[in-house]
Amino acid sequence: MIRLMLVEDHTIVREALRDMLEKEPDVRIVAEAGDGESALRLAREIAPEVVVMDISMSGLDGIQTTRRLLAANPAIKVLALSTYRDRHVIQQILDAGAAGYVVKSAAGAELRRGIRAVVEGRSYLCPEAAAAVADGLRNRTQVPEQALSRRERQVLALIVEGKTSSDIADSLRIAQSTVEVHRRNMMRKLQVHGIANLIKYAIRERLTPL
Amino acid sequence: MKPSYLKNHFRSPFVRNTILALSLWTVGLAGSLWWNKLTLQRQNLDLAKTAALGSINKDIAFRAWAASHGGVYVTPDENTPPNPYLVQVPDRDLVTTEGKRLTLINPAYMLRLVMGANAHLFGVKGHLTSLQLTNPLNQPDEWEQAALEAFRPGAEEATTVVEIDGKPHLRMIRALPMEQGCLRCHADTGVKLGQVRGGISVAIPLEPIYAVSGAQDTNVNLFHGAAWLLGTGLIGLIALGSKRESAERVRAEQAMRALTTELTMAEERERHALAQDLHDNLGQLLAAVKIKLATLDIGLLKSSVNEIEELIDQADRSVRMVRQQLSPQILQSLGLGPALEWLADEMERRYGLSVQIHDDSEPKLLDAARRTMVFRTVRELLINVAKHAQVKSAEVTCLVEDCRLIVAVSDEGCGFDAAGILGTLPVAGAFGLFSIRERFASIGGGMDIDSAPGEGSTITLTVPLAAITEEHSRS
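Going down the list, the protein sequences come from chains A and B.
The first sequence runs 1 to 210 under the working numbering.
The second sequence runs 1 to 475 under the working numbering.
Mixed in with the good hints there might be a few duds.
When the alpha-carbon atoms are kept at most 16 Å apart in a straight line, the in silico EDC-like pairs for lysine to aspartate or glutamate are as follows [said to hold, decoys possible]:
#, chain 1, residue 1, chain 2, residue 2
1, A, K189, B, D359
2, A, K189, B, D297
3, B, K292, A, D19
4, B, K292, A, E24
5, B, K292, A, E49
6, A, K23, B, D297
7, A, K189, B, E412
8, B, K167, B, D217
9, B, K292, A, E22
Calculated Cβ distances over 12 Å to all of chain A for the following chain B residues [what the hints assert, rightly or not]:
#, residue
10, V15
11, V72
12, P81
13, L113
14, H120
15, A146
16, E156
17, D165
18, G166
19, S246
20, Q254
21, G445
Between beta-carbon pairs, the in silico distance windows are [stated by the list, open to error]:
#, chain 1, residue 1, chain 2, residue 2, range
22, A, A147, B, E307, 34 to 40 Å
23, B, S304, A, G121, 23 to 29 Å
24, B, P363, A, S171, 32 to 38 Å
25, B, S242, A, D170, 30 to 36 Å
26, B, R349, A, Q191, 28 to 34 Å
27, A, I203, B, S242, 52 to 58 Å
28, A, R44, B, V391, 38 to 44 Å
29, A, A147, B, F434, 28 to 34 Å
Just so you know, these hints were derived from the structure itself, not from any lab.
The beta-carbon is built from N, C-alpha and C at its ideal position, and this holds for glycine as well.
Generate coordinates for the entire structure from the input sequences, incorporating the hints supplied.
Written out as structure tokens, the structure is:
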């Protein structure tokens, strides 16, 4: 018998989940929580085997609840259940320690499959979640680091001349915040830290006379 | 950023103008007062000179008359004794046939006697003097001596204002030329005819003239005082009026700004609330329906249920799409950084624009409405880049500096004329930028465009982070 706790702040969804899971012969719902705080309390008292965890909840959300719950009892398997299909959210809750992820619209068969998988100690992503993660891996075209733009070289030349951000902003007729952006972008592109290194670079590369 | 329009306002024109107006008015009136007093003084002097000249002319006339007769004979008394300086004159003392004694009074002696009476009766002090004295009593004083020595043809008069016995007097001296009549007694001086024999000086008391002009002076003072008070009052009233007016304008501007901020924020809150509703109600309902369908023992109905499930999935997709447009879920749950990462994925997927997000990993404490505003603006800017910049990649830089969140969207595409696009009337493409600028200004932040044709573009958004109530603090 799988001892299971439902954490879901939408009553309608929770009831639907309960109805569905109660029909499973090997699943017993030992607790239900509508928010993160009571989930943590019930988990301490009842120590369920599996927790089906919603992510977006007011107060403590699913990610924070998962982190705390597993810190208190690492043996519990958390299966995240959410309407999110974004790889960043999936990434975040897996980082928090969740063993699996199922999107709500696939909550029928996928949820049952997920529960059994995590009980057996495997990780589980429903097809939609797996696709989102895979898309994320595939889509990211790595853009090669560009050289400094003409504008950035102008800003650098003024920095080398010892001008302050506000001087540079005045002479290029841009906002100080924009000067700051150019400065940060240059440091990133050149992989240097601090103004001193930026100036060293400019002198070494003879970037100063434009 | 402090609202600089406030600072400018109080440093500004109307205080400066008021001070300027008051100074001009004061200086102008002081000038007029000085000029009036100067004129009055000149008048006094002219009057005194005329009087002095009158007195001297009279003396000269007297003397000339006496001189034309070689002197006059009078009955001597204790005030008019026979002139001891005339002992050598043969007919100094006469006795008439009836035994009456007469003595010769020469012109100078007569004048001295008359001047003594004049001084006694009218305060006009006359003096007959010379550098070649006959009578030591006629010794010139220092001033007379200097004037006599300075006499030249054409400059035979001198005047000055002095105190005599503590009272102001005008002194005047005029040269007396040697005449035929003088020679009878003064041939011994060696002064030739027509040369300066000596001088007649007179001192006219100025007090009676001052008494007349004093009244005029009082009038001038009163007039200027009253004019100054009146002008100052008027300027003060105008300044107060314009200050009140400009204070009202500042208040109105503040109210306007507060209203704009409130409107902007209300709009963002509304979107957020709508998105939340969609998620909380419709989204969850659809999920519940799907879960319930999954629990059905479907059997023969399988194909119909599958169709229904497909319809529900479509509804679910629509809900999520609308929700993402309004305020992406991930923005509220994970914060700006992850939401921008998500946006980068979206831009790549939908527009083929590769977007790099560079976050300085500082916590960015923004409330939900501001976070949504920043996010949606970045999306708008990225879509602009995808559509117009003719590049395949863009960068988003997020950093925290001086309690401000700075988010910049940069590309190395075709760029545009930033000044031109914002300087002209809002045209289709620029309108978005206009409205972004307005919206960010209304919450105390700003937008800056750094772009030129062929130079790519960097559009920088700033949002103050201080004094923001925090709902979700994760970045």
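* Beyond 12 Å from every chain A Cβ - status for B:G445 -> At about 9 Å from chain A, B:G445 fails to clear the 12 Å cut-off, so the statement is violated.
* With d taken as the least Cβ-Cβ distance between B:D165 and chain A, does d exceed 12 Å? -> Fine: 75 Å to the nearest Cβ keeps B:D165 off the interface.
* Asked: Is A:K189 close enough to B:D359, meaning Cα to Cα at most 16 Å?
  -> holds (14 Å)
* Asked: Does 34 to 40 Å hold as the CB distance between A:A147 and B:E307, or does it fail?
  -> violated (56 Å)
* Asked: Between B:S242 and A:D170, does the beta-carbon spacing fit 30 to 36 Å?
  -> Hint holds: Cβ distance 32 Å, inside 30 to 36 Å.
* Asked: Regarding B:R349 and A:Q191, is the given constraint of 28 to 34 Å on their beta-carbon distance met?
  -> holds (29 Å)
* **Exclusion check [B:H120 not at the chain A interface, CB over 12 Å]** => holds (87 Å)
* So does B:S304 sit 23 to 29 Å from A:G121, Cβ to Cβ? -> violated (38 Å)
* Would you say the C-beta atoms of A:A147 and B:F434 sit inside 28 to 34 Å of each other? -> Between A:A147 and B:F434, where Cβ atoms are some 33 Å apart, the hint holds.
* Is the Cβ of B:Q254 more than 12 Å away from each Cβ in chain A? -> holds (23 Å)
* Whether the CB-CB distance between A:I203 and B:S242 falls inside 52 to 58 Å -> Given about 56 Å between the Cβ atoms, the range holds.
* Asked: Is it true that the CA of B:K292 sits at most 16 Å from the CA of A:E22?
  -> holds (12 Å)
Against the hints set out earlier in the document, violations occur for numbers 2, 5, 8, 21, 22, 23 and 28.
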